[in-house]
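Residue numbers (the numbering used here), protein chains in the order written: chain A, 1 to 440; chain B, 441 to 729.
Everything labelled a hint here was simulated from the structure, so no lab data went into it. Cβ coordinates follow ideal geometry from the N, Cα and C atoms, glycine included. A portion of the hints provided could be inaccurate.
What the hints assert, rightly or not - Some residues of chain B that are not near chain A, with every Cβ distance over 12 Å (derived):
| hint | residue |
| --- | --- |
| 1 | Ala-459 |
| 2 | Thr-489 |
| 3 | Pro-569 |
| 4 | Ser-605 |
| 5 | Arg-637 |
| 6 | Glu-689 |
| 7 | Ala-693 |
| 8 | Lys-694 |
To be verified - Each computed DSS-like pair below joins lysine-lysine, with the alpha-carbon atoms no more than 27 Å apart:
| hint | chain 1 | residue 1 | chain 2 | residue 2 |
| --- | --- | --- | --- | --- |
| 9 | B | Lys-534 | B | Lys-547 |
| 10 | B | Lys-547 | B | Lys-666 |
| 11 | A | Lys-4 | B | Lys-686 |
| 12 | A | Lys-235 | B | Lys-463 |
| 13 | A | Lys-310 | A | Lys-400 |
| 14 | B | Lys-468 | A | Lys-7 |
| 15 | B | Lys-468 | B | Lys-681 |
| 16 | B | Lys-681 | B | Lys-545 |
| 17 | B | Lys-694 | B | Lys-723 |
| 18 | A | Lys-235 | A | Lys-310 |
| 19 | A | Lys-4 | B | Lys-545 |
| 20 | B | Lys-452 | B | Lys-547 |
| 21 | B | Lys-681 | A | Lys-4 |
| 22 | A | Lys-400 | A | Lys-137 |
| 23 | B | Lys-543 | B | Lys-442 |
| 24 | A | Lys-39 | B | Lys-463 |
| 25 | B | Lys-723 | B | Lys-545 |
| 26 | A | Lys-235 | B | Lys-645 |
| 27 | A | Lys-4 | B | Lys-570 |
| 28 | B | Lys-452 | B | Lys-468 |
| 29 | A | Lys-380 | A | Lys-304 |
| 30 | A | Lys-7 | A | Lys-39 |
| 31 | A | Lys-39 | B | Lys-453 |
| 32 | B | Lys-667 | A | Lys-39 |
| 33 | A | Lys-235 | B | Lys-547 |
| 34 | A | Lys-39 | A | Lys-4 |
| 35 | A | Lys-172 | B | Lys-653 |
| 36 | A | Lys-397 | A | Lys-434 |
The residues making up each chain are set out below.
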Amino acid sequence: MDPKLFKFNTLSLHGGHRPDLETGARAVPIYQTTSYVFKDSDHAAALYNLEQGGHIYSRISNPTVSVLEERIAALEGGTGAVATASGQSALFAAIMTLMGQGNHIVSSSSLYGGSINLFQHTLPRFGIETTFVNPRKPGEFRKAIRKETRLVFGEIIGNPGLEILDVPEIAKIAHEAGLPLLIDATFNTPYLCRALELGADLVSHSVTKWMGGHGVAIGGAVVEGGQFDWEVDGKFPTLTEPYAAFEGINFFEEFGPQAFSMRMRSEAMRDFGPAMSPQNAFYILQGLETLSLRMDRHISNTGKLLEFLKSSEEIAWVKHPNLTDHPDHELASRILPKGAGSIIVFGVKAGSPGGGREAGAAFINSLQLASHLANVGDAKTLVIHPASTTHAQMDSKTMKKAGLTEDMIRLSVGLEDVNDIIDDFKQALRKSAKTRGTTK
Amino acid sequence: MKLNIASGISNKKIQIFAATGGKELSSKLPLIIFLHGAGMDHTVWNLQTRYFAYHGYSVLSIDFPGHGRSEGPLMENIEQMADWIPELINVTAKIFGNTGASKSKLKMASLVGHSMGALVALECAARYPKLLTSISLLGVSATMPVHPVLLEAASNSGRSENNESLAYDLVTSWGHGRTGHFGISPVPGMSLIGGGRALLSSSPKAALGIGLKACNAYQNGMQAAKKVTCPTLCLMGSEDKMTPPKQGEKLSAKIANAKTHLLQDCGHMMMLEKSYQTLQALKVHLSST
C-alpha cells in the first residue's frame with residue numbers, strides 16, 4: 001500500500017509552502033521584514049517563552065526562510081532545519097549547540113579547508129579540540145573517541161580528495177560511543193544521498209552550492225534526524241538539562257525529536273545571529289525547485305568529462321569515485337547509486353621544472369568557458385587550484401592528510417552542453433602544453 | 441518528572457514520565473492531564489502544555505506505560521487505560537496535594553485526550569464522573585476502526601523492518617491533512633511529517649501496534665458517551681481521515697454536555713497542525729468549566 005507521502009520532486013517544488021490565501025501569490029513571498037506584530041501581550045509572552053510557535057524577529061526566524069527550512073528538512077527526511085547565513089555558520093552553530101569548553105570532536109581529515117581552519121585554529125581558542133582521522137579507516141574514528149568527545153563529523157564526498165565516507169559504518173561507531181554523527185552533505189545533496197537514512201543524526205549544508213545551484217546567494221542549513229537519544233550518559237546538557245534563559249526549559253523533554261533544532265534556533269540564532277536573509281532564502285528556493293533535474297545533468301556531464309579526461313594524453317591522473325580505479329568505487333556505488341557528485345580532481349602532466357603545479361596553473365589560465373573561482377556546485381563549470389587557494393592555509397602535513405597534492409585541479413562540472421566544456425578543456429590543454437613547450 | 445505508579449495491569453509499581461509544561465504542580469491550581477495517541481508520547485502536546493502551565497494550571501502530560509520515557513508494560517485495551525487514570529490522579533494528589541491547602545485542586549482533573557487518548561478520556565469520564573472536571577476529545581469518534589493493512593504492519597513492529605516502516609508512513613500520511621503534507625508548521629522550520637514520523641519510529645517497539653489494536657477493538661464509545669456528565673469539547677479536523685469529523689459529531693451528539701469545534705484545513709494531528717487554534721479552543725473550554 002502506498003502511504004501517499006509527497007515524493008522528492010514534489011517536495012522540491014512545494015515543501016513548506018502553499019499559495020498565499022489572501023493574494024493568491026503562487027511563488028514564495030519574500031517577507032522582507034525584521035519583526036512581526038503580536039496579536040496581544042499574552043501572545044507576545046507566549047512566543048518568547050516557547051509556549052507557542054511563530055515569528056518574533058528575523059534574526060531568529062522569518063517566514064520566507066522557514067519555507068526553505070521546511071523544504072530542506074523534507075528533502076533530507078529530517079524533523080526540522082535551521083537555515084543560516086552560510087555553510088560555515090551552520091557548522092559553527094551546530095557545534096555550539098552541542099558542546100562547550102573542554103569537549104572534543106572526531107573528524108574526517110578530508111574536509112573543506114574552511115572547516116579544517118575552524119576545527120584546527122578557531123575552536124581550540126574556545127576550548128574545543130578536534131582529532132582528524134583518515135576517512136577511509138573507520139577504526140581510526142573509534143580510536144580517536146575520548147570521554148570528552150561530543151561529535152563525530154565528516155563529509156560524504158571529501159573535499160577536495162573525493163574520499164567517500166562509509167556513513168553507515170561511521171554512524172555505528174559513533175552510536176556505540178553514544179555520540180551523534182554530523183554529516184556535511186554539501187557535495188551530494190539529498191538527491192544523491194540522504195545521510196539521515198544511512199544513520200547520520202545531523203546534516204549540514206552549504207546551500208550556496210548545488211542546493212541553490214546558481215551561485216548568487218550564500219547560505220547554510222542544519223537538519224535534524226530526530227532519532228538520537230540526547231540523554232545518553234548526560235553528555236549533552238544543552239539539550240537535556242534546564243536552560244535558565246528560557247525559565248529552565250529542558251529541550252529534549254519538551255520537544256523530543258526536534259530538540260536540537262529548537263535549541264539551535266533559540267540559542268545560536270538568538271545569541272550569535274547568523275541569520276539567512278529572506279532574499280537569499282528566496283534565491284535558494286528557486287534553485288531547489290530544479291534540484292533533481294540539475295543533479296541528473298551534473299552527473300551526466302561528469303560522466304562525459306571523466307571519459308574525456310581519462311583518454312587525454314595531457315592529463316597525468318584523474319580521480320572520481322565513479323571511476324572503477326577509485327579506491328572507494330564500490331562504497332560510492334552503494335551509498336551514492338545515482339552518482340558520486342560532480343566534482344572531479346585531476347592533474348595536468350608536468351612538462352617543466354615547475355612540475356604539475358605550474359602545468360595546472362597554465363591550464364587554468366587558458367580556460368575560456370570554465371571559470372576560475374572559489375566555489376563549487378554552480379550551474380556553470382568552475383575550476384580552482386586548491387593548494388594555492390581554498391586549502392592554502394594548510395601546512396604540507398595537513399594538506400597530505402586532507403588528500404591534497406600540489407598539482408591537483410578541482411573541477412566542478414556545470415550544466416553547459418558537455419561538448420562545449422570538453423572543447424574548452426582541449427584548447428586549454430593545447431595552450432598550456434605550448435606554454436610548457438611540450439606540444440607534440 | 442517521574443511518578444511511581446501501579447502499572448495498570450498489575451499492582452507492580454512502574455516509573456511513569458510526565459511533562460509538566462516547565463512548572464511545578466500546585467495543589468492550588470486546577471489539574472489538566474494530557475493523554476497522547478497510539479505510538480506517541482507527551483511531546484505532541486508541547487504547544488499547549490507549556491502555555492497552560494504558565495497560565496494558571498497544573499499540567500501533567502504523561503507518557504502512557506510502555507510509551508516514550510515511561511516503563512512498560514503496555515496496557516492492551518482502552519478500558520484498562522481508563523481505569524488507570526484515577527490511580528494517576530490519586531498518586532499526583534498525594535505527592536503534590538499535601539501543601540497545607542484545605543482543598544487540593546489536584547483531586548480532580550480535566551482530561552485532554554487525542555485519538556487513543558480521547559477514547560481513554562471518554563471511557564474514564566463514563567466510569568468515574570466524579571473525578572473529572574471536564575474532558576476534551578481531540579480527533580475522536582465512537583469507534584476507531586483501523587485499516588487492516590496498517591493494523592498488520594504495526595503489529596509487526598520490531599519484527600519486520602519493512603512493515604514497521606510502512607506503519608509509520610501510513611500513520612504519518614493519514615494523520616495529516618493536505619496542508620500538513622505540504623508542511624507549513626506553526627513552529628518555524630519544523631517538519632510536521634518528519635517530526636511525526638520520527639516520533640513514531642523512535643517509540644518503544646510494539647507501542648504503536650498495541651495502541652492501534654486497542655483503538656480498533658474498542659466498541660463502547662456510544663454507550664460511554666451517554667454516561668458522560670462533565671462538560672465536553674469534541675475538537676475535530678475538517679480533513680481528518682482517521683476519525684472523520686462526521687463520526688466525531690455523531691459521538692458528540694450523544695454526550696449531554698458537549699460542544700463541537702471544527703478546525704478547518706486540518707487533519708488528525710490538530711495539536712501540531714493547528715496548534716494555535718487548538719490552544720484557543722482548549723482555553724475557551726477549560727476556562728468555562
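### Task
Could you grab the alpha-carbon distance between Lys-468 (chain B) and Lys-7 (chain A) and see if it respects the 27 Å cut-off?
Violated. Lys-468 (chain B) to Lys-7 (chain A) sits at ~51 Å, over the 27 Å cutoff.
### Message
So if I understand the rule, the pair passes when the alpha-carbon distance is 27 Å or less; does Lys-681 (chain B) with Lys-545 (chain B) pass?
### Response
37 Å, violated
### Query
Is the nearest CB of chain A more than 12 Å from the CB of Lys-694 (chain B)?
Label holds. Min Cβ-Cβ 33 Å, cutoff 12 Å.
### Message
Next pair to validate is Lys-235 (chain A) with Lys-310 (chain A); report whether the Cα-Cα distance is within 27 Å.
### Response
Given pair Lys-235 (chain A), Lys-310 (chain A) is violated - Cα atoms ~49 Å apart, limit 27 Å.
### Message
Hinted pair, alpha-carbon criterion (27 Å max): Lys-468 (chain B), Lys-681 (chain B). Please report holds or violated.
### Response
40 Å, violated
### Query
Are the Cα positions of Lys-543 (chain B) and Lys-442 (chain B) separated by 27 Å at most?
Roughly 24 Å between the alpha carbons, so the hint for Lys-543 (chain B) and Lys-442 (chain B) holds.
#### Entry: 27 Å limit on alpha-carbon distance, applied to hinted pair Lys-400 (chain A) and Lys-137 (chain A)
Since the Cα atoms of Lys-400 (chain A) and Lys-137 (chain A) sit roughly 15 Å apart, the hinted pair holds (cutoff 27 Å).
### Query
Taking only the CA atoms, is the gap from Lys-39 (chain A) to Lys-453 (chain B) under or equal to 27 Å?
46 Å, violated
### Query
Is Lys-452 (chain B) within 27 Å of Lys-547 (chain B), Cα to Cα?
This hinted pair holds, its Cα atoms lying about 23 Å apart.
### Query
Hey, does Ala-459 (chain B) actually stay past 12 Å from chain A on C-beta?
Given that some Cβ of chain A is not farther than 12 Å from that of Ala-459 (chain B), nearest at about 6 Å, it is violated.
### Query
Checking the smallest CB distance to chain A, is Pro-569 (chain B) really beyond 12 Å?
Pro-569 (chain B) is indeed farther than 12 Å from all Cβ atoms of chain A, at 31 Å.
#### Entry: Distance restraint between Lys-547 (chain B) and Lys-666 (chain B), which requires alpha-carbon spacing of 27 Å or less
Between Lys-547 (chain B) and Lys-666 (chain B) the Cα gap is close to 24 Å, so the pair holds against 27 Å.
Comparing the model with each earlier hint shows violations of hints 1, 2, 4, 5, 14, 15, 16, 18, 19, 27, 28, 30, 31, 32, 33, 34, 35, 36; every other hint is respected.
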